[in-house]
Amino acid sequence: MKIQQISLFVENKPGHLTAPARLLADEGINIRSLYLADTQQFGIVRMIVSDWQKAAGILEKHGFAVNVTDVLAIEIADHPGGLAGILGVLDEIGVNIEYMYAFPYSRADEAILIFRFSDLNAAIERLQTAGISLVTSQQLLTK
Amino acid sequence: MMNSILETGIADCHPASVPDYTPISELRALQLQRLQTVVTRAWQNVKHFRDRMNERGVGPQDIRSLNDIAKLPFTVKSDLRDTYPFGLFASSMKDVVRLHASSGTTGKPIVVAYTQEDVEVWTSVLVRSFAGCGLHRGDIIQNSYGYGLFTGGLGAHYGAEALGATVVPTSGGNADRQIMLMKDFGVTAICCTPTYFLHLIDRAAELGIDMKELPLRAGVFGAEPWTESMRAHIEKMSCIEAFDIYGLSEIIGPGVGCECRRHQGLHIFEDHFYPEIIDPESGEPLPDGSEGELALTTLSKQAMPMIRYRTRDITMILPGQCECGRTLRRIGRIGRRSDDMLIIRGVNVFPSQVESALLQIEGTLPNYQILLTREQGLDQMEVQVEVTPQMFNDKIGALQGLHHRLQSALDHVLGIRVHVSLVEANTIARSEGKAKRVIDRRSL
Numbered sequence: 001m002k003i004q005q006i007s008l009f010v011e012n013k014p015g016h017l018t019a020p021a022r023l024l025a026d027e028g029i030n031i032r033s034l035y036l037a038d039t040q041q042f043g044i045v046r047m048i049v050s051d052w053q054k055a056a057g058i059l060e061k062h063g064f065a066v067n068v069t070d071v072l073a074i075e076i077a078d079h080p081g082g083l084a085g086i087l088g089v090l091d092e093i094g095v096n097i098e099y100m101y102a103f104p105y106s107r108a109d110e111a112i113l114i115f116r117f118s119d120l121n122a123a124i125e126r127l128q129t130a131g132i133s134l135v136t137s138q139q140l141l142t143k
Numbered sequence: 144m145m146n147s148i149l150e151t152g153i154a155d156c157h158p159a160s161v162p163d164y165t166p167i168s169e170l171r172a173l174q175l176q177r178l179q180t181v182v183t184r185a186w187q188n189v190k191h192f193r194d195r196m197n198e199r200g201v202g203p204q205d206i207r208s209l210n211d212i213a214k215l216p217f218t219v220k221s222d223l224r225d226t227y228p229f230g231l232f233a234s235s236m237k238d239v240v241r242l243h244a245s246s247g248t249t250g251k252p253i254v255v256a257y258t259q260e261d262v263e264v265w266t267s268v269l270v271r272s273f274a275g276c277g278l279h280r281g282d283i284i285q286n287s288y289g290y291g292l293f294t295g296g297l298g299a300h301y302g303a304e305a306l307g308a309t310v311v312p313t314s315g316g317n318a319d320r321q322i323m324l325m326k327d328f329g330v331t332a333i334c335c336t337p338t339y340f341l342h343l344i345d346r347a348a349e350l351g352i353d354m355k356e357l358p359l360r361a362g363v364f365g366a367e368p369w370t371e372s373m374r375a376h377i378e379k380m381s382c383i384e385a386f387d388i389y390g391l392s393e394i395i396g397p398g399v400g401c402e403c404r405r406h407q408g409l410h411i412f413e414d415h416f417y418p419e420i421i422d423p424e425s426g427e428p429l430p431d432g433s434e435g436e437l438a439l440t441t442l443s444k445q446a447m448p449m450i451r452y453r454t455r456d457i458t459m460i461l462p463g464q465c466e467c468g469r470t471l472r473r474i475g476r477i478g479r480r481s482d483d484m485l486i487i488r489g490v491n492v493f494p495s496q497v498e499s500a501l502l503q504i505e506g507t508l509p510n511y512q513i514l515l516t517r518e519q520g521l522d523q524m525e526v527q528v529e530v531t532p533q534m535f536n537d538k539i540g541a542l543q544g545l546h547h548r549l550q551s552a553l554d555h556v557l558g559i560r561v562h563v564s565l566v567e568a569n570t571i572a573r574s575e576g577k578a579k580r581v582i583d584r585r586s587l
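In order, the protein sequence lines correspond to chains A and U.
So for the first sequence, the numbering used here puts the first residue at 1; every next one is plus one.
So for the second sequence, the numbering used here puts the first residue at 144; every next one is plus one.
This is chain A alone, in the form it adopts within the complex (with noise of 0.2 angstroms):
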């Protein structure tokens, strides 16, 4: 049920992005989902890739600061409203987000949400109980 998303620092600056791009690319790494948090000077890239290993790997021996995050997905209707709804649910069972960002799935009616929570065990024992089905990553890579 946990994802491992892979956040790597950058420094905000033109052309930073396109090395770590590069080498995941070499190795045939499929990016699922990047999502980059950025302030003036620096950046966060957080990443969903087909395989973590082996793109943590990679990246360490090229001598970027990468961290493994176990995150959660939440698969949404891509319609008004479909985030509002699962917010909702969150808010009454009472996790709380660090962060999340959201993608759509290619060709379905549906979107991904991704989630750090600060009581990762806590949220999936409350979204179980809540009925929210949890995205697994072999779902979420073949999907």
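It cannot be assumed that every hint is accurate.
[As the list claims (entries may be wrong)] Chain A is faced by these chain U residues, among others (derived, beta-carbon under 8 angstroms):
| # | residue |
| --- | --- |
| 1 | Val530 |
| 2 | Thr531 |
| 3 | Phe535 |
| 4 | Asn536 |
| 5 | Asp537 |
| 6 | Lys538 |
| 7 | Val566 |
| 8 | Glu567 |
| 9 | Asn569 |
Simulated from the structure, these hints should not be mistaken for lab results.
For every residue, glycine included, the Cβ atom is placed at its ideal position computed from N, Cα and C.
Given the coordinates of chain A, work out where chain U should sit on it, guided by the hints.
Positioned in the frame of chain A, the structure of chain U alone reads:
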């Protein structure tokens, strides 16, 4: 001697400048007598000096000529730190009328003390410095050196007042007000760091004030190394005569030496401060005209004598006598130092201070680099820190928190505003595996 004074013109003829023209044989005799006195005083009253001299098997009675000074042990900055705060005092506290302190490499500052007599000597060498720059009663001197623990502000203040000039004690900062007062008061001379004056020139231009139109005619600049090209730029942009003044807190503060109007080196006030040039590696004395490290001995200091203090400043004693007629020997402009100390906006900074601040935050030392630039005439210091996997966190807030902690630790340790940048790992250039710690791009 009288001929020399007459030749130099009226501006140099301040009564306080008389010792500047002491015949050389008389000056050497005075120096020897004062050296014997100060060494005896240090040996009797300061355990540190007595221990060091005993280790070398030398006593005050061994100083029979000026060359015998080479028998004495050196004093270094860490001696002041190790004896913090009052360990090198040769006077009892009831005779100490003033304490100053300068930045040290780690937390604790370096403390210096003055008796009433020391303050009078200090004042007199500044009067002689200003008089040598052609300043006199009737001049309005704006003193933009910082007032406080730093010796620059109060030192220059006392000297300018004793000269008979009018002092405007603006201290540092607030450039707009500095420029307004300079204009409104008809200021004729300024004392500050050369980079601060460059900043004032730029700011005045932005305010639509042409410095060349102001009555300002002289600047006495010190507390940091500067260059001939900076002097040319300053003089061109402001139509003033720029003078180099030298000093350090450990010896007395500003006024150890100063240029005269010939601008051919800085005259050391040798009746109070005995200069030697030594080989920075071996410590062996070098003859006049050779470049080496300047070591100074205070000849008349009461509260805190310094014996062969290693300044770390690289210069030379210029051979021959100055055309101005002063018999005081001159040192060349200080261009560099023999250690890694950086002078940023007049503040002493050591790379080791940056290291200790980074260590304190992270527990391990990340790769870092100090980048010095000069923007609008003011020194800027940037510390680039490589983000290691251990420091990295996927939350923006955590990295911003790290950035903030590094920023405040460096500001706190260094006492000046520093710009901290987080950079990608392995991006700081290394040569033979070692990162170059300091990139100095300050130039004019």
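Hints and how they fare:
{"no.": "1", "hint": "Val530", "result": "holds, 5 angstroms"}
{"no.": "2", "hint": "Thr531", "result": "holds, 6 angstroms"}
{"no.": "3", "hint": "Phe535", "result": "holds, 4 angstroms"}
{"no.": "4", "hint": "Asn536", "result": "holds, 7 angstroms"}
{"no.": "5", "hint": "Asp537", "result": "holds, 4 angstroms"}
{"no.": "6", "hint": "Lys538", "result": "holds, 6 angstroms"}
{"no.": "7", "hint": "Val566", "result": "holds, 6 angstroms"}
{"no.": "8", "hint": "Glu567", "result": "holds, 6 angstroms"}
{"no.": "9", "hint": "Asn569", "result": "holds, 4 angstroms"}
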